[in-house]
Amino acid sequence: MTALAAYTTSTGEAFQFWVLGTVAVIGALCTILMKKAVHSALCLAGTMIILAVFYLANGAYFLGIVQIVVYTGAIMMLFLFVVMLVGVTAADSLKETIKGQRWLAAACGLGFAILLFAGIGNASLKDFNGLAKANEGGNVEGLASLIFTKYVFAFEITGALLITATVGAMVLTHRERTERAKTQRERAEERVREGKHLPPLPAPGVYARHNAVDIAGLLPDGTPSELTVNKTLRERGQIRDVSSEALDDLRALEQRSTDRLERPDLRRTDTGRNGDGDRAEETEEASK
Amino acid sequence: MNPVNYLYLAALLFAIGATGVLIRRNAIVVFMCIELMLNACNLAFVAFSRLHGNLDGQIIAFFTMVVAAAEVVVGLAIIVSLFRSRHSASVDDASLMKL
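As given, the protein sequences belong to chains A and B, one line each in that order.
With the numbering used here as the guide, the letters of the first sequence map in order to residues 1 to 288.
With the numbering used here as the guide, the letters of the second sequence map in order to residues 1 to 99.
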């Protein structure tokens, strides 16, 4: 890196390139192949951190730090926030809408890669100058002197762009309220006037093994009641189902446990008949 | 090793990102693939800066980062407002300009 017009880098850098480069490509492939958006985001964050290391290795010390602070620190966290807002478990459907589209796209990508590789291979880039001379007075100082002289106009336009983006984001996500928000008192009176659901909404369901908020509570006849689950989860379709199948399983398990417990020890089944919770404990012990 | 290898890596990452944009249908993941392509371009700029021995490439990469940050803010705002109106982040569902 210090010599001018060198032909090769140090062995250490070559080693770093081959190891981290492999990881970066694997991360990029995982980004496009993972089914869930959260996993994609995490893989992309890993790839970006490796790219930051490459910037540092290439003598771009300022950009390496900015890459970590801005990309992995701010942009990826923004992505994760939006993924949370839109729904973490909203996985892509794997059904193809256009037949053979996936293979055609992969072929296009491969062809594109071959084209780029051929272009780079044809260019005569045998020797390189290295940044030793350009970084003489410090990388940040060198960048600053360029930004505020040669590129000062572009820099100012960048400021205008950032302001526009901020205003645009606010305009896009802002929702105008068309009517006055109802007060608590008005809501209570309205509820009484309508005459349905005077008490608070029922709690999410608990049936023996489950007490999670995304599982619907069971009505006396055993059917799940969607009303018990939070409205947001309901709209996202994230209600986990204690379906009739699972209930049958549970019933069969209880039947089996009572059968088994009756034979070896009669006393324990007597105490176990006190309540549902006790019986569940007995089942666990029996399974051990 | 010659620093040209960094260019090959950047080309590979760019091609992977482009393939992702074509393959995926979740708008957020498509957006991430675009970010990957921008990052690959930045790597190429930094490598070129080293090959030429001046800092102009790094300046361009810096501007790319600023533009990418602005783009992410607006793009994610669009995705959020799309999700609000259609209850889905799939790009297939957004086939009409208006609901």
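Some hints could be false.
Pair ranges (Cβ atoms, derived) [claimed, not checked]:
| # | chain 1 | residue 1 | chain 2 | residue 2 | range |
| --- | --- | --- | --- | --- | --- |
| 1 | B | ARG86 | A | GLU262 | 25 to 35 Å |
| 2 | A | ALA154 | B | ARG86 | 18 to 28 Å |
| 3 | B | ARG86 | A | ILE26 | 25 to 35 Å |
| 4 | A | LYS196 | B | VAL67 | 47 to 57 Å |
| 5 | A | GLY137 | B | VAL67 | 21 to 31 Å |
Derived list of chain B stretches under chain A, where covered just means 3 residues or more per stretch with a C-beta under 8 Å from a C-beta of chain A [stated by the list, open to error]:
| # | region |
| --- | --- |
| 6 | 13-25 |
| 7 | 69-77 |
Think of the hints as simulated: they come from the structure by calculation, not from any bench.
The structure displayed is predicted, hence computed values, not measured ones.
Built from N, CA and C at the ideal position, the CB exists for glycine as well.
Against the structure, the hints:
Separated by about 57 Å at the C-beta atoms, B:ARG86 and A:GLU262 break the suggested range of 25 to 35 Å. Separated by about 37 Å at the C-beta atoms, A:ALA154 and B:ARG86 break the suggested range of 18 to 28 Å. Between B:ARG86 and A:ILE26 the beta carbon distance is about 34 Å. The supplied range of 25 to 35 Å therefore holds. Our hint of 47 to 57 Å for A:LYS196 and B:VAL67 holds, since their Cβ atoms are close to 53 Å apart.
Distance hint for A:GLY137 and B:VAL67: a CB-CB separation of about 27 Å, consistent with the stated range 21 to 31 Å. Here's how the region 13-25 of chain B fares: 12 of its residues keep a CB closer than 8 Å to some CB of chain A, so the rule of at least three is met and the hint holds. Here the region 69-77 of chain B counts 8 residues with a CB under 8 Å from a CB of chain A, which clears the bar of 3, and the coverage holds.
The structure fails hints 1 and 2 (numbered hints given earlier, in ascending order).
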